[in-house]
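Participant: One letter stands for each residue in the lines below.
There are 2 protein chains.
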Amino acid sequence: MRLLLTLSAALLAAQTAFAAPFSDSVLQHTEDLRHHAMISHRPWQILESLTTEVGPRLPGTEGDRRAVAWAQETLNKLGFDRVYAEPVTVPHWHRGHAEASITAPFPQPLVISALGNSIGTPTAGVEAEVVAFADLQQLKDAPEADVKGKIVFIDNKMERYRDGRGYGPVVKARGKGAVEAARKGAVAMLLRSVGTDSHRFAHTGMMRYADGITQIPAAALSNPDADQLTRMLNRPQPVRVKLQLGSEDRGPQTSYNVIAEITGSRYPDEIVLIGAHLDSWDEGTGALDDGAGVAIVTAAAKHILERGKRPQRTIRVVLFAAEEVGLVGAKAYKAAHQQELDKLYIAAEADFGAGPVYRLDSRVNDSALPMMDQVAMLLAPLGVTRGGNTSWGGPDVSILPEAGVPVAGLALDGTDYFDFHHTADDTLDKVDPQALRQSTAVYTLYAWLMANAEQPLRPIPPVE
Amino acid sequence: MRLLLTLSAALLAAQTAFAAPFSDSVLQHTEDLRHHAMISHRPWQILESLTTEVGPRLPGTEGDRRAVAWAQETLNKLGFDRVYAEPVTVPHWHRGHAEASITAPFPQPLVISALGNSIGTPTAGVEAEVVAFADLQQLKDAPEADVKGKIVFIDNKMERYRDGRGYGPVVKARGKGAVEAARKGAVAMLLRSVGTDSHRFAHTGMMRYADGITQIPAAALSNPDADQLTRMLNRPQPVRVKLQLGSEDRGPQTSYNVIAEITGSRYPDEIVLIGAHLDSWDEGTGALDDGAGVAIVTAAAKHILERGKRPQRTIRVVLFAAEEVGLVGAKAYKAAHQQELDKLYIAAEADFGAGPVYRLDSRVNDSALPMMDQVAMLLAPLGVTRGGNTSWGGPDVSILPEAGVPVAGLALDGTDYFDFHHTADDTLDKVDPQALRQSTAVYTLYAWLMANAEQPLRPIPPVE
Numbered sequence: 001m002r003l004l005l006t007l008s009a010a011l012l013a014a015q016t017a018f019a020a021p022f023s024d025s026v027l028q029h030t031e032d033l034r035h036h037a038m039i040s041h042r043p044w045q046i047l048e049s050l051t052t053e054v055g056p057r058l059p060g061t062e063g064d065r066r067a068v069a070w071a072q073e074t075l076n077k078l079g080f081d082r083v084y085a086e087p088v089t090v091p092h093w094h095r096g097h098a099e100a101s102i103t104a105p106f107p108q109p110l111v112i113s114a115l116g117n118s119i120g121t122p123t124a125g126v127e128a129e130v131v132a133f134a135d136l137q138q139l140k141d142a143p144e145a146d147v148k149g150k151i152v153f154i155d156n157k158m159e160r161y162r163d164g165r166g167y168g169p170v171v172k173a174r175g176k177g178a179v180e181a182a183r184k185g186a187v188a189m190l191l192r193s194v195g196t197d198s199h200r201f202a203h204t205g206m207m208r209y210a211d212g213i214t215q216i217p218a219a220a221l222s223n224p225d226a227d228q229l230t231r232m233l234n235r236p237q238p239v240r241v242k243l244q245l246g247s248e249d250r251g252p253q254t255s256y257n258v259i260a261e262i263t264g265s266r267y268p269d270e271i272v273l274i275g276a277h278l279d280s281w282d283e284g285t286g287a288l289d290d291g292a293g294v295a296i297v298t299a300a301a302k303h304i305l306e307r308g309k310r311p312q313r314t315i316r317v318v319l320f321a322a323e324e325v326g327l328v329g330a331k332a333y334k335a336a337h338q339q340e341l342d343k344l345y346i347a348a349e350a351d352f353g354a355g356p357v358y359r360l361d362s363r364v365n366d367s368a369l370p371m372m373d374q375v376a377m378l379l380a381p382l383g384v385t386r387g388g389n390t391s392w393g394g395p396d397v398s399i400l401p402e403a404g405v406p407v408a409g410l411a412l413d414g415t416d417y418f419d420f421h422h423t424a425d426d427t428l429d430k431v432d433p434q435a436l437r438q439s440t441a442v443y444t445l446y447a448w449l450m451a452n453a454e455q456p457l458r459p460i461p462p463v464e
Numbered sequence: 001m002r003l004l005l006t007l008s009a010a011l012l013a014a015q016t017a018f019a020a021p022f023s024d025s026v027l028q029h030t031e032d033l034r035h036h037a038m039i040s041h042r043p044w045q046i047l048e049s050l051t052t053e054v055g056p057r058l059p060g061t062e063g064d065r066r067a068v069a070w071a072q073e074t075l076n077k078l079g080f081d082r083v084y085a086e087p088v089t090v091p092h093w094h095r096g097h098a099e100a101s102i103t104a105p106f107p108q109p110l111v112i113s114a115l116g117n118s119i120g121t122p123t124a125g126v127e128a129e130v131v132a133f134a135d136l137q138q139l140k141d142a143p144e145a146d147v148k149g150k151i152v153f154i155d156n157k158m159e160r161y162r163d164g165r166g167y168g169p170v171v172k173a174r175g176k177g178a179v180e181a182a183r184k185g186a187v188a189m190l191l192r193s194v195g196t197d198s199h200r201f202a203h204t205g206m207m208r209y210a211d212g213i214t215q216i217p218a219a220a221l222s223n224p225d226a227d228q229l230t231r232m233l234n235r236p237q238p239v240r241v242k243l244q245l246g247s248e249d250r251g252p253q254t255s256y257n258v259i260a261e262i263t264g265s266r267y268p269d270e271i272v273l274i275g276a277h278l279d280s281w282d283e284g285t286g287a288l289d290d291g292a293g294v295a296i297v298t299a300a301a302k303h304i305l306e307r308g309k310r311p312q313r314t315i316r317v318v319l320f321a322a323e324e325v326g327l328v329g330a331k332a333y334k335a336a337h338q339q340e341l342d343k344l345y346i347a348a349e350a351d352f353g354a355g356p357v358y359r360l361d362s363r364v365n366d367s368a369l370p371m372m373d374q375v376a377m378l379l380a381p382l383g384v385t386r387g388g389n390t391s392w393g394g395p396d397v398s399i400l401p402e403a404g405v406p407v408a409g410l411a412l413d414g415t416d417y418f419d420f421h422h423t424a425d426d427t428l429d430k431v432d433p434q435a436l437r438q439s440t441a442v443y444t445l446y447a448w449l450m451a452n453a454e455q456p457l458r459p460i461p462p463v464e
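One line per chain: the protein sequences are C and F, in this order.
Take 1 as the starting number for the first sequence in full-length UniProt numbering and just add one per residue.
Take 1 as the starting number for the second sequence in full-length UniProt numbering and just add one per residue.
It is worth saying that the hints were derived from the structure and are not from the lab.
This one's a predicted model, so the numbers in the text were calculated from it and none came from an experiment.
Glycine is no exception: its CB is placed at the ideal position from the N, C-alpha and C atoms.
It cannot be assumed that every hint is accurate.
One-sided and incomplete, this derived list gives chain F residues near chain C with beta-carbon spacing under 8 Å [said to hold, decoys possible]:
1. Asp32
2. Gly55
3. Phe106
4. Arg200
5. Asp227
Pulled out of the complex, with its shape left as it was, chain C reads as follows (with noise of 0.2 Å):
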């Protein structure tokens, strides 16, 4: 009951403060649907179908395929307007075996996982000293004399924040630390895993080789084994390490972009669009990443379609493919519709875990503020509040605003989001159903608003 006075006097307050961007039906009718989603199992039943009934899902996979088979089954059951799967080209690397252990002074096995397209070592795998640096910089600045010959490990440590803001300065190491070990002669790299948990989990994730540099295999060890091998190396023995990985480029596979849509009532060739991505990295199930997603952004349209009330932009939900190996979906999926881009009202994604959503942020013509305030506003009862007009979208849609289409970011709570990410802990248990309920509530009424609202959202602020 309070929450519904705090609405109506949102509601009062926005309506005497700005022209009206929503018509009275439209803003009646988010109750509706904020009421409806708050008492709703079906975002929590989609997850626990694709997590169980699919569960790892890497790109180019047998479970890719059963993912692309699930979503196009569910998306049709759910009884959206139209259903289609977009092909798109995918790589197809294959983790195989990968095993590692401390050979001197102290032998004891490690417990790794192969970066995303590493190559494998040879059979008998790669042993040598291992060379510690703090990070990529310091690596960079290092003497080729250290290096050649050596394991490179790079020590950095990501820290944990609500928004993730961690990630950045640590997971340039993933990317880019094999090439930079390589250019001084390593013979692999092995990085402090890219997460905030200190369990003994590697966290995976991609790695890049360049045209002309030797490539080496690289993995991640999970922290606590990384603050093994710091414990040893901080002792006067030189310390060796064997790595062994069975990994593989296997060539390209099709994979698809599934997407599913509510058609306009009013502007049916005016698009909202809600991503995520189906796809997951292969030793978890991809619970939060981006199972989650999925889930939100099919029940958030869901919601709308079964409440009954037609929104007048079509909203389309899009399901990538292949995000974790580098937005190969989302790619795909702008040069596809390059055509229809501007026809994209504005787009958002959920790819950071089940929530809550904390922040609604935007990338919108000035003139539009006022809206998108309008919309924070009423978010505000799910615990919204307003950020920023300069966001990114999330990954599948960050390559969009360089076409000028509008983004919005719908931030979830990323606080423990690292603990799991790209890891085989990323499983059902890891998800609040509540957080994941609110999130797809926020959602639901944010593509609902976005379908209804009165005012272009273009031209955006130019992207950096």
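Here the structure of chain C is known, so what remains is to put chain F in place on it, guided by the hints.
Facilitator: For chain F alone, coordinates are given in the frame of chain C:
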């Protein structure tokens, strides 16, 4: 300062209330020991050294041999009056590679750990339909037709308590599940991990076979994997699992109980035994189980040694071999010291993580209860309360009361212990240095007081 005042008050009260079982100089020295222990890095240094320089130390393995060498070297360096090792014949069970997956209806890998003592599977593995039981009793009650040819899954879940009393009711299924399953013709046994966490670590631990019953392979599933299997079993399709274990018995090896003593000044042949076990399971580094115990009892004795006042009785630190595989070192100790058991004044063990210690239990003659109450009062400034007189003493010393030996239990807080117990995640980062320090302080004062107590503790109440 407040602690000191509290202690002085406790001393005064104790002195007033009872005939004095401790001399003034003994009592005064407890303050010095407590102060010293509560600022000491010693237990952490010992634990860091053991877990780093030895790491996993499964009985009969190279790690076990290194642990024995480490213990002898460490105890000698600490300057104890006597350091010696007594041979123990231990089994060498080899884990080998373990792999499992759901093959139908929704293929995906499972995180498992072979149970200790399990046989392996044929190289190609065992694949069969899964039949689930809520607990061991339900399996015992099941008709043979439900079980024959299947993989039995026992799904009992451990509850969390500070004193670990959730362990007993569920661990029975680990020990006896394979026998009961095989009795009805099952081809393998899977167990929901005996653990309180929800991470993808399977908890290993001992299982047993019975004469005349077919030996079948047995493994634990992590809790999230048990959840996942349960979700599938709740769907209509039959669920099939494939299990491959490379486990095997590699025959007997020689290990050692490693022992250190401070010779008593007045009753050198009377012994206050404080024990822990040196071996560990092989997937973690045995930081909580039982590196912490090794650190606590070793550092406690060292605290007494280095503060210069010699105890009247001999304090004997026993680092038992092969506890995990069936109290093997403890049984060997008891047999080897049969003639001397009547000289054991009292025995205690630390084998439940790093603490803190919250309670003193005992099993002593009723006439000595006021003295034990006074010991508890002297430990009260460290946060310890007085428990009862039905202590079992801890795993390795639990076989001593049946020979009339008094025991004490210094109860370590085990609230989180079974999150890590017998998993790869039992590593140094899980130990709170301050808890370890407090626990060591408690064992220090306890050992000092017992070694200087003026009252007999025998005969003890009968063991049921």
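Participant: For each hint given before, does the structure comply? Return the numbers of the non-compliant ones in rising order.
Facilitator: 1
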